[in-house]
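A.B. asks: Sequence:
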Amino acid sequence: MKLFPAIDLKDGKCVRLKQGDFSDVKVYSEDPLKMAKQFEQDGATFLHVVDLDGARTGNGLNKETIKKIIQETNLSVQVGGGIRTIESIDGWIQCGVERVILGTIAVESEEFVKEAVKQYAEKIAVGVDAKDSKVATHGWETLSNMDSLVFCKNLLNLGVKTIIYTDISKDGMLSGPNIEIYKKLLDLESVNIIASGGIGSLKELKELAEIGAYGAITGKALYEGKFTVEEALQCLQNESYLA
Numbered sequence: 091m092k093l094f095p096a097i098d099l100k101d102g103k104c105v106r107l108k109q110g111d112f113s114d115v116k117v118y119s120e121d122p123l124k125m126a127k128q129f130e131q132d133g134a135t136f137l138h139v140v141d142l143d144g145a146r147t148g149n150g151l152n153k154e155t156i157k158k159i160i161q162e163t164n165l166s167v168q169v170g171g172g173i174r175t176i177e178s179i180d181g182w183i184q185c186g187v188e189r190v191i192l193g194t195i196a197v198e199s200e201e202f203v204k205e206a207v208k209q210y211a212e213k214i215a216v217g218v219d220a221k222d223s224k225v226a227t228h229g230w231e232t233l234s235n236m237d238s239l240v241f242c243k244n245l246l247n248l249g250v251k252t253i254i255y256t257d258i259s260k261d262g263m264l265s266g267p268n269i270e271i272y273k274k275l276l277d278l279e280s281v282n283i284i285a286s287g288g289i290g291s292l293k294e295l296k297e298l299a300e301i302g303a304y305g306a307i308t309g310k311a312l313y314e315g316k317f318t319v320e321e322a323l324q325c326l327q328n329e330s331y332l333a
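If you count the sequence shown from 1, position 13 lands on 103 in this note's numbering, and the numbers rise without skipping.
Treat the hints as calculated values from the structure; they're not laboratory data.
Note that the Cβ used here is the ideal one computed from N, Cα and C, for glycine as well.
The reader is advised that the hints may include incorrect statements.
Unchecked claim - In silico DSS-like cross-links for lysine-lysine, where the CA-CA straight-line distance does not exceed 27 Å:
# : residue 1 : residue 2
1 : K208      : K153
2 : K296      : K273
3 : K273      : K316
4 : K108      : K316
5 : K124      : K158
Unchecked claim - Computed spacing ranges between beta-carbons, pair by pair:
#  : residue 1 : residue 2 : range
6  : S280      : G102      : 22 to 30 Å
7  : N247      : E314      : 34 to 42 Å
8  : G102      : D222      : 18 to 26 Å
9  : G315      : G249      : 35 to 43 Å
10 : K208      : Q324      : 37 to 45 Å
11 : E200      : E321      : 35 to 43 Å
12 : D222      : D121      : 41 to 49 Å
13 : T147      : K208      : 33 to 41 Å
Kindly produce the complete structure, drawing on both the sequences and the hints.
C.D. replies: Encoded structure:
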């Protein structure tokens, strides 16, 4: 299973929101590039970056910061937040992003998802953010009536190969991921499921690996010192670790 340390950007700073609440922001670093370099130094090869300002407004305010991370590290970066046009996807891919994550637009337009997948294939992922099994949009501030599992099945039919599923109620809480929903998602054929939200221990990371998740995104646990990138990678590479 792949480990994706997370950098969430707001006003050019590295932050975490609690359960997606824009009024509950904790700044962890004024220097996201330094943070990315630290993750790389600790052994990370992947990075998950979210432009929170972009997710909310559609403006790519943090673009320069993200470009610097891509240019100055060898990390394989996936980016999400406010990506709502083909031009925007194209711009990110030209910058060297490994995978572009569609959010709100994927809920609003099946046609757009189809077109994006047709043009960029496996470079497209969809971020499914759910609360009480319903899909949320616009930086988690709007809750739709769409069932998240039904939505994921529909994405498969559109050719999406990677789904990043976040349980908002768990995010930033360190209370453990929603294992039951991931088990259901992992029953879906031919799609990579990346788990996000609530991972607070190596044991939980291991559990996601054991049920077959393709990847896990971890933010707060790393920032709060629950475990390090190094420990997480050791845990995932070594069968007997924590056994």
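A.B. asks: Taking 27 Å as the top limit, are the C-alpha atoms of K273 and K316 close enough?
C.D. replies: 24 Å, holds
A.B. asks: Is 35 to 43 Å right for how far apart the beta carbons of E200 and E321 are?
C.D. replies: 41 Å Cβ-Cβ, so the 35 to 43 Å window holds.
A.B. asks: Is the distance from the Cβ of K208 to the Cβ of Q324 consistent with 37 to 45 Å?
C.D. replies: Between K208 and Q324, where Cβ atoms are some 40 Å apart, the hint holds.
A.B. asks: Falls inside 35 to 43 Å, the C-beta gap from G315 to G249?
C.D. replies: Cβ of G315 to Cβ of G249: about 40 Å, so the range 35 to 43 Å holds.
A.B. asks: Can you confirm whether the C-alpha distance between K124 and K158 stays at or below 27 Å?
C.D. replies: Given that 27 Å is the threshold and the Cα spacing comes to 10 Å, the pair holds.
A.B. asks: Is it true that the CA of K208 sits at most 27 Å from the CA of K153?
C.D. replies: 25 Å, holds
A.B. asks: Is it true that the C-beta distance of G102 to D222 lies inside 18 to 26 Å, as the hint says?
C.D. replies: At 33 Å between Cβs, range violated.
A.B. asks: Look at the Cβ atoms of N247 and E314 and judge whether their distance stays inside 34 to 42 Å.
C.D. replies: 39 Å, holds
A.B. asks: Please check whether T147 and K208 have a Cβ separation lying inside 33 to 41 Å.
C.D. replies: Given range 33 to 41 Å: violated, Cβ gap about 27 Å.
A.B. asks: Does the hinted range 22 to 30 Å hold for S280 and G102 at CB?
C.D. replies: 38 Å, violated
A.B. asks: Can the restraint linking K296 and K273 be considered satisfied, given a maximum Cα separation of 27 Å?
C.D. replies: 14 Å, holds
A.B. asks: Range first: 41 to 49 Å. Now tell me if the beta carbons of D222 and D121 are that far apart.
C.D. replies: 36 Å, violated
Of the numbered hints given earlier, the model fails hints 6, 8, 12, 13; all others are met.
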